[in-house]
Amino acid sequence: MSLDLIRDILIATVPLLVIFPTLFAFTTWLERKALARIQNRVGPNKVGVPLTRYGGRFSLFGLGQPLADGIKMLFKENIVPRDADRLFHLLAPILALIPAMLVLCFLPLEFPWTESLLPVQAFLLDGAVIFFFAITGLNTLAIFMAGWASRNKYSLLGGMRAIAQMISYEIPLVLSAVVVVMMVGSLNAAEIANAQADWNWFVFTPWGLAAFVIFFIASLAEINRSPFDLPEAESEIIAGYFTEYSGFKFALFFLGEYIAMFAISGLAVTLFLGGGAGPGVAALPWLSTVWFIAKIFALIAVMIWLRGTLPRLRVDQLMGFAWKFLLPLSILNIIVAGFAWHAQQQASGILKAIIWVACLLILYATAKGLDQLNRPNVRPREYKYAE
Amino acid sequence: MSEQIAFWMLSAIAVLGALVAVRKRNLIHGVFALMIFFAALSGLFLLLLAEFIAAVQILVYIGAVGILLLFAIMLTERVTGDDGRRMTSRGWFWGLVVAAAVFVILLLPAIQELPPPEAAQAIDPSVKELGHKLMNPYVVTLEVLALLLTAALIGAVTAAQGVRIPKEEDSSE
Amino acid sequence: MTLHHYLILAAVLFCVGLMGAFTRRNAIVVLFSVEIMLNAANLNFIAFWRYSENPALLHGPLFTLFAIAVAAAEVAVGLALVIAVYRHFKTVDLESMDTLREE
Numbered sequence: 001m002s003l004d005l006i007r008d009i010l011i012a013t014v015p016l017l018v019i020f021p022t023l024f025a026f027t028t029w030l031e032r033k034a035l036a037r038i039q040n041r042v043g044p045n046k047v048g049v050p051l052t053r054y055g056g057r058f059s060l061f062g063l064g065q066p067l068a069d070g071i072k073m074l075f076k077e078n079i080v081p082r083d084a085d086r087l088f089h090l091l092a093p094i095l096a097l098i099p100a101m102l103v104l105c106f107l108p109l110e111f112p113w114t115e116s117l118l119p120v121q122a123f124l125l126d127g128a129v130i131f132f133f134a135i136t137g138l139n140t141l142a143i144f145m146a147g148w149a150s151r152n153k154y155s156l157l158g159g160m161r162a163i164a165q166m167i168s169y170e171i172p173l174v175l176s177a178v179v180v181v182m183m184v185g186s187l188n189a190a191e192i193a194n195a196q197a198d199w200n201w202f203v204f205t206p207w208g209l210a211a212f213v214i215f216f217i218a219s220l221a222e223i224n225r226s227p228f229d230l231p232e233a234e235s236e237i238i239a240g241y242f243t244e245y246s247g248f249k250f251a252l253f254f255l256g257e258y259i260a261m262f263a264i265s266g267l268a269v270t271l272f273l274g275g276g277a278g279p280g281v282a283a284l285p286w287l288s289t290v291w292f293i294a295k296i297f298a299l300i301a302v303m304i305w306l307r308g309t310l311p312r313l314r315v316d317q318l319m320g321f322a323w324k325f326l327l328p329l330s331i332l333n334i335i336v337a338g339f340a341w342h343a344q345q346q347a348s349g350i351l352k353a354i355i356w357v358a359c360l361l362i363l364y365a366t367a368k369g370l371d372q373l374n375r376p377n378v379r380p381r382e383y384k385y386a387e
Numbered sequence: 388m389s390e391q392i393a394f395w396m397l398s399a400i401a402v403l404g405a406l407v408a409v410r411k412r413n414l415i416h417g418v419f420a421l422m423i424f425f426a427a428l429s430g431l432f433l434l435l436l437a438e439f440i441a442a443v444q445i446l447v448y449i450g451a452v453g454i455l456l457l458f459a460i461m462l463t464e465r466v467t468g469d470d471g472r473r474m475t476s477r478g479w480f481w482g483l484v485v486a487a488a489v490f491v492i493l494l495l496p497a498i499q500e501l502p503p504p505e506a507a508q509a510i511d512p513s514v515k516e517l518g519h520k521l522m523n524p525y526v527v528t529l530e531v532l533a534l535l536l537t538a539a540l541i542g543a544v545t546a547a548q549g550v551r552i553p554k555e556e557d558s559s560e
Numbered sequence: 561m562t563l564h565h566y567l568i569l570a571a572v573l574f575c576v577g578l579m580g581a582f583t584r585r586n587a588i589v590v591l592f593s594v595e596i597m598l599n600a601a602n603l604n605f606i607a608f609w610r611y612s613e614n615p616a617l618l619h620g621p622l623f624t625l626f627a628i629a630v631a632a633a634e635v636a637v638g639l640a641l642v643i644a645v646y647r648h649f650k651t652v653d654l655e656s657m658d659t660l661r662e663e
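Residue numbers (this note's numbering), protein chains in the order written: chain A, 1 to 387; chain B, 388 to 560; chain C, 561 to 663.
Simulated from the structure, these hints should not be mistaken for laboratory data.
Be aware that a few hints might be false.
Examples of chain B residues toward chain A, derived with CB under 8 Å [claimed, not checked]: (1) 406; (2) 415; (3) 422; (4) 434; (5) 436; (6) 439; (7) 442; (8) 450; (9) 453; (10) 457; (11) 513; (12) 514; (13) 515.
Each residue gets a CB set at the ideal place from its N, CA and C atoms; glycine is no exception.
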C-alpha cells in the first residue's frame with residue numbers, strides 16, 4: 001500500500017519537475033529574443049546544437065542558447081565572499097527554488113496519465129489556494145537570507161527592498177483572489193477551475209476583470225519582474241540580493257524566479273482565465289493541459305512585453321501604488337462583488353445587465369478617483385536664483 | 388506506518404528547531420531555526436488533518452511573524468552575535484530547574500492521568516464548515532478579533548514611532 | 561499515533577520555550593520563546609480536537625485560529641515595544657533595563 005502511494009506521488013510530481021524546467025529553458029530564449037526585437041536587435045541566433053559539430057552550422061533561431069548557457073553556468077567558479085555566512089549563502093538559492101517548485105502542485109494541471117491518481121493530487125486539497133499563497137510567501141525568506149548572508153551592503157539593501165515590496169504586494173494579491181474564492185465558495189483549485197466552464201471565466205465579469213488586473217500587477221511585484229524589479233535594480237544596487245552569487249547558485253536563483261513566474265501565472269489562469277477550459281476540451285481531455293500551458297504563456301508574453309516597455313518605478317512610487325491605489329481598490333472590489341453576487345441571486349435578465357454596468361461604473365470611477373488623488377503635485381519648475 | 392515515520396521526524400525537527408532557536412547566539416540563525424520549528428508544527432497539524440490551520444500556520448507564523456522578527460533584529464541588534472557579551476540571564480540555573488520541574492512535576496503526571504487513549508475517528512475536515520462556523524456561532528468572536536488586530540496595528544505603530552521631539556528642544560541640547 | 565504522543569511532544573516544546581524565556585537575556589529571544597510556548601498550546605488544542613468524541617464541532621481548529629490571530633497581534637505589539645525600548649535604552653538586554661530598581 002505504502003509503495004503504491006509513493007509510486008502515485010512520483011507519477012503526479014515528477015512530470016511537473018521535468019516539464020517546467022524545460023519550459024524555463026525555452027522561456028529564457030523567448031524572452032531574450034522578444035526583448036531583442038523590441039530593442040531592434042536580433043537576439044541570440046548563433047547556437048544550434050551544442051556539443052556537436054553542427055553547433056554553428058544549423059542555428060535553429062538560436063534555440064540551443066539555453067543549453068549553452070546552462071553548461072556555462074555549471075562550469076563557472078563558485079565564489080563565496082570571505083566574510084559571508086557560508087551555510088546561509090549555500091542554502092538561500094535552494095530555499096528560493098523549493099517553494100516555487102512546491103506550489104506548482106497546487107495548480108489544477110491534469111495530465112492524461114494522472115487521471116487515476118486523484119487521491120494524491122494536492123490541488124484537490126480543501127485549502128489549495130491558501131496553501132499556494134502561504135508557500136509563495138516563503139520566497140521572501142530566501143531573498144532575505146541571500147541578502148544577509150552575502151555580507152554586502154548592496155545585497156542587504158536588495159533583500160530589504162524585496163521584503164518590503166513582497167509584503168506590500170501580497171495584500172492586494174490575496175484580496176483580489178478572495179473575490180473569486182467568494183464567488184465560487186471554495187478554496188479548492190479544481191473546483192474554482194470547474195466553476196468557470198462554458199466560458200464563464202471570471203475575467204469576463206466587471207469585478208473579475210478588476211481583480212485580474214490587480215492580481216496581475218501584484219504578481220509582477222511578487223516575482224520581482226520589471227517594472228517592479230527594484231530589488232535587483234542594477235543601476236542602483238548592482239544586482240541586489242544575488243550580487244555575490246555566481247555559477248550554479250546564480251542559475252538556481254534564475255530558475256527559481258522563472259518557476260515562480262510560471263506558478264503565479266498558473267494561479268492567475270486558474271482563478272480568472274478558466275483553468276484548462278477552452279475549445280475542444282470536451283472531445284479531447286488532454287487538450288486542457290495544452291490550453292492551461294498556452295494561457296500561462298500568454299500571460300508570460302505580456303510580462304516580457306511589459307519588461308521591454310516600462311521603466312522601473314521609484315521606491316516611493318512602488319509603496320504608494322500598493323497601499324494607496326491597489327489596496328483600496330481591491331477592498332472596494334470585494335464589496336462590489338458581494339453586492340453583485342447577492343443581486344444576481346434574485347434578479348434576472350435586464351436587471352443583471354444593469355447590475356453589471358453599475359459595477360463596472362463604480363469600479364472605473366473609483367480607479368479614476370484614486371488615480372486623481374494620488375497624482376503627485378508637480379508644477380513647472382520655478383527658478384529662484386537664475387533667470 | 389508512514390504516519391508514525393512522519394510523526395517522529397516532524398517532532399524531532401520541531402524540538403531541535405525550538406532548542407536551536409532559544410540557544411543560538413546568532414539571532415538571525417535563531418529566527419530561521421524558529422521558522423523550521425513553525426514549519427514542522429504545520430506538518431504536525433497536517434498529520435492531524437487540520438489542513439486549514441496548517442496553511443494559516445505557514446502564512447501567519449513564517450510569512451508574517453518571522454519577517455517581523457527579522458526586521459526587529461535588523462533594527463536593534465548587532466546580529467552576528469560574536470561580540471562576546473553574556474548571553475544567558477543571571478538566574479539561568481534556576482530557570483533551567485523550573486522548566487525541568489514544570490515538565491516533570493506538572494505536565495507529565497497530568498498527561499499520565501488521562502484516560503487510556505481511544506482511536507481517532509475518521510473525519511472529513513472541510514474548510515467550508517470552518518467558514519460557516521465562523522459566520523454562525525462565532526461571528527462576535529471574529530469581529531472582536533478584527534477589532535483587536537486593528538487596535539494592535541495602531542498600537543504597534545504608535546509604540547514603534549516613539550515620541551517626536553520638537554525641533555526647539557533638539558537644538559537646545 | 562495516540563493522543564499521548566502529541567501531548568508529550570507539546571509538553572516538551574512548552575518546556576523548551578519556558579527554558580528559553582528564563583535563561584536568555586535578549587528581549588527578542590524571549591519573544592521567540594513565548595511564541596514556542598503558544599505553538600505548543602496550539603498543538604494541544606488540535607490534538608485534543610482530533611481525538612475528541614465529536615470532532616465535527618471543530619472547536620479545536622476554531623480556537624487555534626483565534627489563538628494564532630491573537631499571537632500575531634501580540635508579536636506586533638511586542639516587537640514595537642522592543643523597538644521603543646531600544647530607542648530609549650540603546651539595548652535590548654533585559655537585565656540592563658533596571659531603572660525601577662532601588663539602589
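Hint check:
1. The interface hint given for residue 406 of chain B is broken, as the beta carbon of that residue sits about 18 Å from the closest beta carbon of chain A, more than 8 Å.
2. Restraint check, residue 415 of chain B versus chain A: the minimum CB separation of about 6 Å is within 8 Å; hint holds.
3. Given the 8 Å rule on beta carbons, the hint for residue 422 of chain B holds: about 7 Å separates it from the nearest Cβ of chain A.
4. Contact between residue 434 of chain B and chain A, as hinted, is not supported at the beta carbon level, the nearest pair being about 14 Å apart and thus beyond 8 Å.
5. Hint on residue 436 of chain B is violated. Least Cβ distance to chain A is approximately 10 Å, over the 8 Å limit.
6. Satisfaction of the interface hint for residue 439 of chain B is found here, the shortest Cβ-Cβ separation to chain A being roughly 5 Å, below the 8 Å cut-off.
7. The interface hint given for residue 442 of chain B holds, since its Cβ lies 4 Å from the closest Cβ of chain A, which is under the 8 Å cut-off.
8. Below 8 Å, beta-carbon pairs count as interface contacts, and residue 450 of chain B has one with chain A at about 4 Å; its hint therefore holds.
9. For residue 453 of chain B, the interface hint holds, since its Cβ comes within 8 Å of a Cβ in chain A; the closest pair sits about 7 Å apart.
10. A distance limit of 8 Å between C-beta atoms decides the matter here; for residue 457 of chain B the minimum to chain A is near 6 Å, and the interface restraint holds.
11. Of the supplied interface hints, the one on residue 513 of chain B holds, with its beta-carbon coming within about 6 Å of a beta-carbon of chain A, less than 8 Å.
12. Nearest Cβ of chain A to the Cβ of residue 514 of chain B: about 5 Å, under the 8 Å cut. The hint holds.
13. Checking residue 515 of chain B against chain A by beta carbon gives a least distance of about 7 Å; that is within 8 Å, so the hint holds.
Going down the numbered hints, you'll see the structure goes against 1, 4, 5, while the others check out.
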